[in-house]
Amino acid sequence: MEFDRELIVRAQKGDRSAHEALVNQYSSMVFRLISRFFRSREDVEDVAQDVFLKLFARIDQVRADENFPGWLARVTINTCYDELRKTRRRKEAMETYGPEIAGEQTVAPKEPDSIGKARLALQRLDPKLRIPLLLKEVEEMSVEEIAKAMGLTQTNVKVRLFRARKKLQGMLGGVEGNSK
Amino acid sequence: MNSYKEFFDAERKRVFQPDAFFTQRVMARMDTGLGESYFQTSGFWDFVPNSTRPVLALALMLILCFFAVEMYVPQLPQHGMVESFLAPEQSPAESFLYNDDAPSRQDVLKQLIAPEEQ
Numbered sequence: 001m002e003f004d005r006e007l008i009v010r011a012q013k014g015d016r017s018a019h020e021a022l023v024n025q026y027s028s029m030v031f032r033l034i035s036r037f038f039r040s041r042e043d044v045e046d047v048a049q050d051v052f053l054k055l056f057a058r059i060d061q062v063r064a065d066e067n068f069p070g071w072l073a074r075v076t077i078n079t080c081y082d083e084l085r086k087t088r089r090r091k092e093a094m095e096t097y098g099p100e101i102a103g104e105q106t107v108a109p110k111e112p113d114s115i116g117k118a119r120l121a122l123q124r125l126d127p128k129l130r131i132p133l134l135l136k137e138v139e140e141m142s143v144e145e146i147a148k149a150m151g152l153t154q155t156n157v158k159v160r161l162f163r164a165r166k167k168l169q170g171m172l173g174g175v176e177g178n179s180k
Numbered sequence: 181m182n183s184y185k186e187f188f189d190a191e192r193k194r195v196f197q198p199d200a201f202f203t204q205r206v207m208a209r210m211d212t213g214l215g216e217s218y219f220q221t222s223g224f225w226d227f228v229p230n231s232t233r234p235v236l237a238l239a240l241m242l243i244l245c246f247f248a249v250e251m252y253v254p255q256l257p258q259h260g261m262v263e264s265f266l267a268p269e270q271s272p273a274e275s276f277l278y279n280d281d282a283p284s285r286q287d288v289l290k291q292l293i294a295p296e297e298q
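These protein sequence lines map, in sequence, to chains A and B. Position 6 (the first sequence) corresponds to 6 in my numbering; numbering is contiguous. Just add 180 to wherever you are in the second sequence, counting from 1, and you've got my numbering.
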């Protein structure tokens with residue numbers, strides 16, 4: 001994606017119209033990335049707002065020679081990662097302390113059964129395994145791109161992808177085994 | 181794994197788009213100062229996921245402790261007590277013979293070679 005360096009410079013100087021232009025230009029990209037990790041529109045919107053607030057709070061750190069969309073993708077993925085971990089901790093707390101609330105799980109009622117099972121298995125994956133897998137399989141990003149976006153080495157990304165696939169295979173086997 | 185393929189295909193199609201007022205909502209949140217106060221943290225840590233922060237902080241602390249110990253604990257002497265006691269009694273020629281780290285000064289070498297030449 002081409003980006004306007006002049007726009008970044010103006011935003012760094014505190015130009016409000018440049019801020020608005022940046023949100024207009026990149027909100028679709030940010031929404032698309034966040035949609036991979038969150039199911040409800042409200043969650044996606046909340047995280048997207050956080051991403052842009054983070055962006056404007058740290059806009060001074062963007063260097064002129066830097067790949068801005070890549071930088072923004074990294075901030076987006078890190079924000080999603082933190083949010084997913086928070087959600088997971090909240091969920092675990094609910095399962096421990098509030099079984100009646102935890103029982104109200106809403107899992108894609110309209111989709112086919114097989115997809116629902118796959119979604120459930122993916123939701124159970126640790127975010128550190130889920131994020132690279134979704135970026136690879138859904139966003140079709142290369143290992144190198146994922147490594148850059150997540151601040152990991154390529155080997156680390158490959159290991160996480162391997163573990164994620166293996167865990168999913170195990171889970172799906174388990175689910176199918178239970179359903180028989 | 182076929183269901184995963186179907187799932188990933190379905191996911192590819194599921195994309196939320198920002199509505200017409202998204203930009204206004206972001207700007208409004210910025211104007212209320214919520215953004216600045218919420219994210220007023222050190223820049224370096226923003227790029228590190230929350231989960232890895234304690235590990236990094238511990239590593240940094242250990243490195244700092246190591247340097248602090250290096251700075252404040254006195255270094256061990258190069259020679260032991262016996263070597264220090266005997267050192268003044270050794271002539272340069274002796275020290276050259278017995279110590280590996282004695283400097284091979286020109287005058288010491290001459291002193292050693294002189295009896296051979298005579």
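For the record, the hints were derived by calculation from the structure and aren't laboratory data. Fair warning: there could be bad hints in the mix.
Pair by pair, the computed Cβ-Cβ distance ranges are [said to hold, decoys possible]:
1. A/Gln-12 x B/Gln-197: 25 to 33 Å
2. B/Ala-248 x A/Arg-88: 34 to 42 Å
3. B/Arg-233 x A/Asp-46: 36 to 44 Å
4. B/Pro-254 x A/Arg-88: 46 to 54 Å
5. B/Leu-240 x A/Arg-165: 28 to 36 Å
6. B/Leu-238 x A/Ser-28: 35 to 43 Å
7. A/Asp-15 x B/Gln-197: 22 to 30 Å
8. A/Pro-69 x B/Pro-254: 33 to 41 Å
9. B/Arg-233 x A/Gln-169: 27 to 35 Å
10. B/Leu-240 x A/Lys-13: 27 to 35 Å
11. B/Asn-230 x A/Thr-153: 27 to 35 Å
12. B/Leu-242 x A/Glu-140: 37 to 45 Å
13. B/Pro-254 x A/Ser-142: 31 to 39 Å
Where a beta carbon is used, it is the ideal one built from N, C-alpha and C, also for glycine.
Going through the hints against the structure:
1. A/Gln-12 x B/Gln-197: 25 to 33 Å: holds, 28 Å
2. B/Ala-248 x A/Arg-88: 34 to 42 Å: holds, 37 Å
3. B/Arg-233 x A/Asp-46: 36 to 44 Å: With Cβ atoms ~22 Å apart, the hint is violated.
4. B/Pro-254 x A/Arg-88: 46 to 54 Å: holds, 50 Å
5. B/Leu-240 x A/Arg-165: 28 to 36 Å: Holds - the Cβ-Cβ distance for B/Leu-240 and A/Arg-165, about 34 Å, lies within 28 to 36 Å.
6. B/Leu-238 x A/Ser-28: 35 to 43 Å: holds, 39 Å
7. A/Asp-15 x B/Gln-197: 22 to 30 Å: Given range 22 to 30 Å: holds, Cβ gap about 26 Å.
8. A/Pro-69 x B/Pro-254: 33 to 41 Å: Since the Cβ atoms of A/Pro-69 and B/Pro-254 sit about 54 Å apart, the hinted range of 33 to 41 Å is violated.
9. B/Arg-233 x A/Gln-169: 27 to 35 Å: Roughly 32 Å apart at Cβ, these two residues keep to the hinted range, so it holds.
10. B/Leu-240 x A/Lys-13: 27 to 35 Å: About 33 Å separates the Cβ atoms of B/Leu-240 and A/Lys-13, which means 27 to 35 Å holds.
11. B/Asn-230 x A/Thr-153: 27 to 35 Å: violated, 20 Å
12. B/Leu-242 x A/Glu-140: 37 to 45 Å: holds, 40 Å
13. B/Pro-254 x A/Ser-142: 31 to 39 Å: Since the Cβ atoms of B/Pro-254 and A/Ser-142 sit about 54 Å apart, the hinted range of 31 to 39 Å is violated.
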